[in-house]
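Asker: All chains should be modelled from the sequences, with the hints used to inform the complete structure.
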Amino acid sequence: MSGWSAVLAIARKDLRTELRTKESINASASFALVILVLFSFAFDLGRPELLEIAGGLLWLVYSFAGALIVNRSFARELPNDCLDVLIASPAPGWAIFLGKAVSCFLLLMAVELISLPVFGIFYNVHWAGAFFSLLLVIGLATWGITVVGAAFSAVTVNVRLRELMLPVLLYPILIPLLSAAMELTTALVNGEGLGGDNGAGVRLLVGFDVIFTSLAIYLVEFILVV
Amino acid sequence: MDLRNFTFLVYGYSAAMLVIFGYVTLLVLRSRRIDRELTRLKSLVEDKN
Amino acid sequence: MRDKVILSLAALGTLLMVWNFNTIFLHLPDEAQQGAIYRIIFIHVPAAIGAYTFYSVAVLSSVMFLVKKNFKYDSLAVACVEVGQVFTLVNLVTGSIWGRIIWGIWWTWDMRLTTQLICFLLYLGYLLLRPSVTEPTQRATMSAILAIFAFADIPIVVMAIRLKNVRTQHPQPVLETGGLDPSFWPPLLISFIAVLLIGCALVMLRLHQETSRREIDYLRREVHAL
Numbered sequence: 001m002s003g004w005s006a007v008l009a010i011a012r013k014d015l016r017t018e019l020r021t022k023e024s025i026n027a028s029a030s031f032a033l034v035i036l037v038l039f040s041f042a043f044d045l046g047r048p049e050l051l052e053i054a055g056g057l058l059w060l061v062y063s064f065a066g067a068l069i070v071n072r073s074f075a076r077e078l079p080n081d082c083l084d085v086l087i088a089s090p091a092p093g094w095a096i097f098l099g100k101a102v103s104c105f106l107l108l109m110a111v112e113l114i115s116l117p118v119f120g121i122f123y124n125v126h127w128a129g130a131f132f133s134l135l136l137v138i139g140l141a142t143w144g145i146t147v148v149g150a151a152f153s154a155v156t157v158n159v160r161l162r163e164l165m166l167p168v169l170l171y172p173i174l175i176p177l178l179s180a181a182m183e184l185t186t187a188l189v190n191g192e193g194l195g196g197d198n199g200a201g202v203r204l205l206v207g208f209d210v211i212f213t214s215l216a217i218y219l220v221e222f223i224l225v226v
Numbered sequence: 227m228d229l230r231n232f233t234f235l236v237y238g239y240s241a242a243m244l245v246i247f248g249y250v251t252l253l254v255l256r257s258r259r260i261d262r263e264l265t266r267l268k269s270l271v272e273d274k275n
Numbered sequence: 276m277r278d279k280v281i282l283s284l285a286a287l288g289t290l291l292m293v294w295n296f297n298t299i300f301l302h303l304p305d306e307a308q309q310g311a312i313y314r315i316i317f318i319h320v321p322a323a324i325g326a327y328t329f330y331s332v333a334v335l336s337s338v339m340f341l342v343k344k345n346f347k348y349d350s351l352a353v354a355c356v357e358v359g360q361v362f363t364l365v366n367l368v369t370g371s372i373w374g375r376i377i378w379g380i381w382w383t384w385d386m387r388l389t390t391q392l393i394c395f396l397l398y399l400g401y402l403l404l405r406p407s408v409t410e411p412t413q414r415a416t417m418s419a420i421l422a423i424f425a426f427a428d429i430p431i432v433v434m435a436i437r438l439k440n441v442r443t444q445h446p447q448p449v450l451e452t453g454g455l456d457p458s459f460w461p462p463l464l465i466s467f468i469a470v471l472l473i474g475c476a477l478v479m480l481r482l483h484q485e486t487s488r489r490e491i492d493y494l495r496r497e498v499h500a501l
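Protein chains in written order, with the working numbering: chain A, 1 to 226; chain B, 227 to 275; chain C, 276 to 501.
Quick caveat, the hints were computed from the structure, so don't treat them as lab data.
Quick look at which bits of chain B chain C covers, simulated, 3 or more residues with Cβ under 8 Å:
id: 1; segment: 228–235
id: 2; segment: 260–269
Within a straight-line C-alpha distance of at most 16 Å, the following computed EDC-like cross-link-like pairs (lysine to aspartate or glutamate) qualify:
id: 3; chain 1: C; residue 1: Lys347; chain 2: C; residue 2: Glu485
id: 4; chain 1: B; residue 1: Lys268; chain 2: C; residue 2: Glu497
id: 5; chain 1: A; residue 1: Lys13; chain 2: A; residue 2: Glu23
id: 6; chain 1: B; residue 1: Lys274; chain 2: C; residue 2: Glu497
id: 7; chain 1: B; residue 1: Lys268; chain 2: C; residue 2: Asp492
id: 8; chain 1: C; residue 1: Lys344; chain 2: A; residue 2: Glu221
id: 9; chain 1: C; residue 1: Lys344; chain 2: C; residue 2: Glu410
id: 10; chain 1: C; residue 1: Lys347; chain 2: C; residue 2: Glu490
id: 11; chain 1: B; residue 1: Lys268; chain 2: C; residue 2: Glu490
id: 12; chain 1: C; residue 1: Lys343; chain 2: A; residue 2: Glu221
Remember, it's a predicted structure, so these values are computed and weren't measured experimentally.
For each residue, glycine too, the CB sits at the ideal point set by N, CA and C.
Answerer: Here's what the structure looks like:
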């Protein structure tokens, strides 16, 4: 079995399981919506001030939702020793990891694209004009969240208090990615483009994705084999 | 201003020393706990043998 | 023999530091703009550099563990991370106290302070993960992977914060640009050597504790077997 066909097979398996049970996508999307509502009670701002913090709010919501999704990623393989079976299979370790990262990515993108219009309506933020640039930023940052999240999901799968440890480990690593994504999103909803200073932010997102994808693919063998 | 300046300097160095000595104390207490446990286990093994 | 080395290192480091206090407090003049509080640089900067030195040793040790699977490297890594955390805390606390006088505030989100705080959080996650994993090989592998991820994140954090449009309030680098008065260099270097010596003594003590812990695990298994 080649690596890439294993990636596709595992991604398809996870997506099929998720679409049939809808356990994490429902929880994650509902959680995102609840947080959006809560934030509206936290802040009572006029539109100009709100546009300043729009990116920050949105990515806080996305990162909380993302933690829920990646947490389930390897944890769902624990019952009936499915994880051991996966590791024992001919599929290479990096393929198992990438398959799970791809399925998490697609699920998190779905949750984000559901939350985005709700965010726009609740906070009166017009994002439609910058949709494709926003999609690029969301895509790049989401890949960063899912690749690091899936790696840490594998690390914490056998740890006590897994649901608590994963966010504690994940968020500090994601700070630069989230910071850049927040800055870029705020700039985009305020009508700026992706050129100039913002180009550096996009490069940072790409750099983060490349570095941590390579690191995760290389190190996942050590995580899974132990 | 000068006195407040100097006072905070003393606070700064005191805080630094407190942190380091706090950690040293933690290490010493942990060492004692480990030594006690080691002695207990060694005597248990000897008894069982 | 080991105890003698630890005591010697600690004694030498402490003596150097005490002797240095004499120079710092009694022989150096007050600084023109900052007054007496500038003297905090002689513990603030060596603590930061010492912390990064120990974190670097920790990550090298983690890589060696993944390659050689020898637990001595894991013990060295956790010892260096703990001591690095102590010095990072010293750096943050002394910096905060300095900032209270010079800037009037205990904290600001400028580049260096934020990087240090994120560093602290990253390695705090490392120290929190270890007790959660009971199996020694798994614990060592997970910790090694986390240390590598954390270390890879630090340059990206620096870049991300640089991108943010925050007017930096932290003093510009004086060590690299030669803005430091020549008379300040000897006490600074001596302080750094003292920090390294004390740090090495603490690392050796912590290393010994890890070795003892492994012996305790082995004896527990033996008692259980008998």
